[in-house]
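All chains, please: the whole structure from these sequences, using the hints.
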Amino acid sequence: MPIVHVHPDPEQAHRMGVPLFVDSSAEDNIQAIREIDRWCRERGLARAQELHLRTLRTEHGLVRRGICYRPPPAEYEQRELEWAEVLRRRESMPETLPTDGGPESG
Amino acid sequence: MSAPLHPIPSELVVDTSVVVAWAFKEQGRVASAESIINQVQAGSGRAYVPELLWAEFQQAAERKLHANWVARDRLGLSQPHVESAYQSMLQLSVGWLMMLPALAEPAVRDEAWQLRLALGIESYDAHFVALALLYDVELWTFDQRVCSLASADARVRHSIKLVGVDV
Chain A
195 MPIVHVHPDP
205 EQAHRMGVPL
215 FVDSSAEDNI
225 QAIREIDRWC
235 RERGLARAQE
245 LHLRTLRTEH
255 GLVRRGICYR
265 PPPAEYEQRE
275 LEWAEVLRRR
285 ESMPETLPTD
295 GGPESG
Chain B
10 MSAPLHPIPS
20 ELVVDTSVVV
30 AWAFKEQGRV
40 ASAESIINQV
50 QAGSGRAYVP
60 ELLWAEFQQA
70 AERKLHANWV
80 ARDRLGLSQP
90 HVESAYQSML
100 QLSVGWLMML
110 PALAEPAVRD
120 EAWQLRLALG
130 IESYDAHFVA
140 LALLYDVELW
150 TFDQRVCSLA
160 SADARVRHSI
170 KLVGVDV
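Residue numbers (this note's numbering), protein chains in the order written: chain A, 195 to 300; chain B, 10 to 176.
Note that these hints are calculated values from the structure, not bench results.
Yeah, the Cβ is synthetic: ideal placement off N, Cα and C, and Gly gets one too.
Below, in silico cross-link-like pairs of lysine to aspartate or glutamate (DMTMM-like), each with a Cα-Cα straight-line distance of 25 Å or less:
hint : chain 1 : residue 1 : chain 2 : residue 2
1    : B       : Lys34     : B       : Glu92
2    : B       : Lys34     : A       : Glu274
3    : B       : Lys34     : A       : Glu276
Reference listing, derived: stretches of chain A covered by chain B, where coverage requires no fewer than 3 residues with Cβ under 8 Å from a Cβ of chain B:
hint : segment
4    : 225 to 235
5    : 241 to 247
6    : 267 to 280
7    : 285 to 293
Cβ pair distances, simulated, as ranges:
hint : chain 1 : residue 1 : chain 2 : residue 2 : range
8    : A       : Leu256    : B       : Ala51     : 31 to 41 Å
9    : B       : Arg164    : A       : Pro266    : 38 to 48 Å
10   : A       : Glu221    : B       : Asp175    : 28 to 38 Å
11   : A       : Arg235    : B       : Asp175    : 23 to 33 Å
12   : B       : Gln153    : A       : Arg248    : 39 to 49 Å
13   : B       : Gly173    : A       : Thr252    : 42 to 52 Å
14   : A       : Tyr270    : B       : Ala113    : 26 to 36 Å
15   : B       : Gln67     : A       : Val198    : 38 to 48 Å
16   : A       : Asp203    : B       : Trp122    : 40 to 50 Å
17   : A       : Glu271    : B       : Trp63     : 26 to 36 Å
18   : A       : Arg237    : B       : Gln88     : 38 to 48 Å
In structure tokens:
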């Protein structure tokens, strides 16, 4: 997996209360986003949702740099609240027919 | 907990048709769409979408309003309902879908162009398909037309899963 450098390491970053840089040597921006995102998820971290990662030349070669952090419990709680709100809102939504020419729309 | 209706892979590209079916509770599709989105929300799989999703979603939302005007009783949706679906989509998109910059990625752009030329897949759809092809993930869709056009190329068709038929 071409994650070539992480600084500082996740535990140190957590103790310091700072985000960390995760560098990928992936060939393009999208592949780097995917790899950094996967690396973060495997460690219980979240990736800042940048669409265009900074590209820079380092001692590890040309890398794309993502910013990651360990989400505080409040962030998870907020997500749960937001999903509950989505579900609540959907209760009052009536069914509709597909309008894209699918089989159900005739 | 019962098994999901359509177990999703660890990574997939989700087509606008799936999100629209979910947000607007489309008949014949909503159960499948909810199954997919609920798994994404639960973290069972990572759902990639190109930024073009929003343009297509807005187009679909507008059609729901137009449908209301044309066939009020069969398809009708009030403005508050459309706004409500829009808000749900907004929260889904920010919290659980992974937006990818397809238009800005030369490889995706070029692949989409080739798909358009070779198979006649419309530009927006071609970017979804290109994303799936280039990054070796499946595109899950309700769009039979795209599947039909893609059937001329086995490699492309293999990357697209028609929900309810292929998965």
